[in-house]
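There are 2 protein chains.
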Amino acid sequence: MERSEFSVLDLSQVSAFDCETDVIVCGFGGAGGSAALEAARAGASVILFERASGAGGSTGMSSCEMYLGGSGGTALQRTLGFEDSTENMINYLMKSCGERGDPEKIRLYAEGAAAHFEWVKSLGVPYKEAVMLDREVVPLTDESLLFTGNERTLEFMDAAKPVPRGHVPSHEGDFGGRIFIDALTQACVDAGVDVQYDSRVMHLVVDDGTVVGVAVKQDNQLKYIKARKGVVLTSGGFIMNDDMRKRYLPWNHKWATPYGNPFDMGDGIRLGQAAGGYTINMDEAFLSLPMYPPAKLTYGLLVNERGERFVNEDAYLARLAHFASVQPNQKLYLLLGADDFDHPMYIERLDVVATGDSIEELNAEAGIFPEGALAQTVAYFNEHARQGRDPKFRKAPEWIKPLEQGPFGLLDLSFDRQTAVIMPGTKGPLTFTLGGLDTLPTGEVKHWNGGVVKGLYAAGRVTAGLPRSSEGYASGMSVGDATFFGRLAGKQAASN
Amino acid sequence: MERSEFSVLDLSQVSAFDCETDVIVCGFGGAGGSAALEAARAGASVILFERASGAGGSTGMSSCEMYLGGSGGTALQRTLGFEDSTENMINYLMKSCGERGDPEKIRLYAEGAAAHFEWVKSLGVPYKEAVMLDREVVPLTDESLLFTGNERTLEFMDAAKPVPRGHVPSHEGDFGGRIFIDALTQACVDAGVDVQYDSRVMHLVVDDGTVVGVAVKQDNQLKYIKARKGVVLTSGGFIMNDDMRKRYLPWNHKWATPYGNPFDMGDGIRLGQAAGGYTINMDEAFLSLPMYPPAKLTYGLLVNERGERFVNEDAYLARLAHFASVQPNQKLYLLLGADDFDHPMYIERLDVVATGDSIEELNAEAGIFPEGALAQTVAYFNEHARQGRDPKFRKAPEWIKPLEQGPFGLLDLSFDRQTAVIMPGTKGPLTFTLGGLDTLPTGEVKHWNGGVVKGLYAAGRVTAGLPRSSEGYASGMSVGDATFFGRLAGKQAASN
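Residue numbers (this note's numbering), protein chains in the order written: chain Z, 1 to 496; chain Y, 1 to 496.
For reference, chain Z alone in the conformation it holds in the complex (with noise of 0.2 Å):
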């Protein structure tokens, strides 16, 4: 029997199943590994199918940095003197997903963050009690928890007491995914999960609405297993998939460059639609400009190609980048004193526009801006600045430094002209999807004509989790909710 990829079969098209399981989970990266094992734990059998060769998914290829607080703090927060209650952490969810944020997947999640970290250390995941304050994106020594978010600026301190909340595996240099991913793999196997690679779940099996199997290939043959409990959908976002890009995300497809695994193809995602469930927030995707470190270039002042100054430059780097793309053509410029002038650690390629010994010297050279925009925008700056205040961005006190003192320079963080160090030869900000499948808090997938589709699940990427935009994102945000929302999607499924 021949179909399309990804369509539904019904269950009267499957003469027999080859074999069958309780729970089938779809994707081995952080969100399914979690789920098998919780399934699995619940005394369900669980079947944990990979399309690659090995585990991991994206958060394999991440710092695996977990947003985690609430509860009056984790123990790694507390141990170190932070106290931080699950209100405080709701209410700075909130302010970062805004209006696009679903209030019970943050409630929930922020009541339970603290427990999650239990159960990542219970792994044997490694965390040390050492805290790196510096405005960082991960460390490059060994500490475990760092600022990940916009929690020291001003805006988001007038709703959320500033609390480091970026929980990372200790190890010197950016090894924390891999780390986690092998301590969950064999959690994973000690638990009795049934891990099959090179296996593409191509089809979900619906008897009468209900999810009740999948089809597989499998050494470019068709299976079909039946779940008795259930199938969660854990095989990533789409940001690989450069049809689906061109369709949700048109507006950033000839800039950005796609940041994942490559199995990020919407598998789950076409899926998950194909047998009832619908997608949201498809439009908003990750971005990152990753001005820092070093930290000091926080003391420059960003600006468009008006010499305006459009977000205050403390922000987080994916905060950095959402009002960056909403720029003019997308370009940027950053003036730094020379006490301050560095080259961006993340950037690989980057011009220096132009120097001078005073502001009027380095715009004649730049040629870019409007006659006495950029002089203007410095003086209003310095005006305020001596007085250490930001009236307009409203920088923390910590990073204003007026630009008085020349020699002065101009870097070029234009989307055009930057290339991150971690993708060379590419172009523009990294970006991932945050669009996907909407779900219930418990990962039960939400039908498009209310209720949800029966005996489905789904959780990471291939749903419209916890993080909805850049605007407001915080690295961890992504792993924590996969892994998370995952583990209650696998608790669920097995207790059908």
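Heads up, a few of these hints could be off.
One copy or two, it doesn't matter: identical chains are merged, so the pair holds either way.
What the hints assert, rightly or not - Calculated pairs, DSS-like style, for lysine-lysine (alpha carbon to alpha carbon, straight line, at most 30 Å):
1) K95 / K401
2) K223 / K161
3) K427 / K331
4) K254 / K223
5) K491 / K254
6) K161 / K331
For the record, the hints were derived by calculation from the structure and aren't laboratory data.
As the structure is a prediction and not an experimental result, all values here were calculated from the model.
Fit chain Y to the given chain Z structure using the hints.
Chain Y alone, transformed into the frame defined by chain Z:
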């Protein structure tokens, strides 16, 4: 048999059809009437179902501006001395739609728009050979040609020669939609279309993936109608469906007012999805900031709560609204000199925030902006305005006037403070949806799994058609699109 709304019925579930026809059209607005008429004229028997008790949809409520040109100009453009090549119109539309645009639809539309105007006239719709060149929204006198977009702004003039393309039925006051729909209804009746009102299409009937009929609710009874050639969905957008609006337009649902007919409930989008269609551009919506007329308000400076300008004030109302929507808290203020101080005609409730003989005095009274910010904005503008230039935002010279002579006034145009005159009692800018089913230019509904949904067609705001964003919207792009591509969809369905 009970089925939930909008699910697909398999042919095997339909015991017998109550009647049959060649083509079924679902929804009698501009798109549906046009589709039904062309299908009937092509020799097909046609039933046109409309959920309301009369024809019109949102086209009927509109001014019935159609955005037409190309082919050297429509007859009306040429008579009035305007030349408009197809390439010129394409260039304009490509600039308008940006990365979101559909180049195939744009080309086909630009190539056929002048002939489409002849078709509209042939229905008996009156157009007066007179042009209204003022900066207006609709003519309150009886001219039939006007500028309805950003054609005369410098940024769009970089892409295309400015030509007025708004074609509106001649009538004193805003009655175009009624005139057009009455003419279209008569033509449908004359062509033998069987128009049935109070008839809500609930299900598509599908036979092995091909749409072969519908189930329609009439007098609270479900009737089954077979379509030998095809079903055309023309039931409008989803701006009146609060669930869908929150799902897809979370960013505007708190501050914008839905604008459309009460049955813009997304019925057709959901029907199409159930049959295998998919949606795109669901996050985009038209927004309106009718800061003018009177046109002289364009001399003012539109600033955000930082006291900074953010758009050329001579932009079209939809573009003004787009840029306004991304300002902090959607707070907007219009600074005017005494000569130009007036009340926007289309905004009902509006506060004068402050007045003053000098900017400083006005600023102190307003108490809104960061210290010195407004004065700096005005100083920069004035310095260049004296030479007739606006280097930052490129307002066209005819709208540039230094703000030198007090007294000055400041109007509050913030989204939470304004009410559209045509929707008294509401709050914020008017909005309607620009996302829907993805279709081929022929109206064939694309299947999410590749190819098309056989037997299914769609046009109008049930689809993502010609207009894709408020940023580039020109009035007449939606009714023009709905009627033009409605005709194509009807012809295509009839040709089976």
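These are the hints, each one checked on the structure:
Only within a single protomer do K95 and K401 lie at most 30 Å apart by alpha-carbon distance; the minimum there is 28 Å, versus 40 Å between protomers. Taking CA atoms no more than 30 Å apart as the test, K223 paired with K161 passes in neither setting, with 53 Å inside one copy and 60 Å between copies. Only within a single protomer do K427 and K331 lie at most 30 Å apart by alpha-carbon distance; the minimum there is 14 Å, versus 35 Å between protomers. In this assembly of identical chains, K254 and K223 lie within 30 Å of each other by CA distance neither inside one copy nor across copies; the values are 39 Å within and 48 Å between.
Taking identical chains as interchangeable, the C-alpha atoms of K491 and K254 are never at most 30 Å apart, the minima being 40 Å within one chain and 35 Å between chains. Taking CA atoms no more than 30 Å apart as the test, K161 paired with K331 passes between copies only; the shortest distance there is 26 Å, against 33 Å inside one copy.
Hint compliance for this structure: hints 2, 4, 5 are broken, all remaining hints hold.
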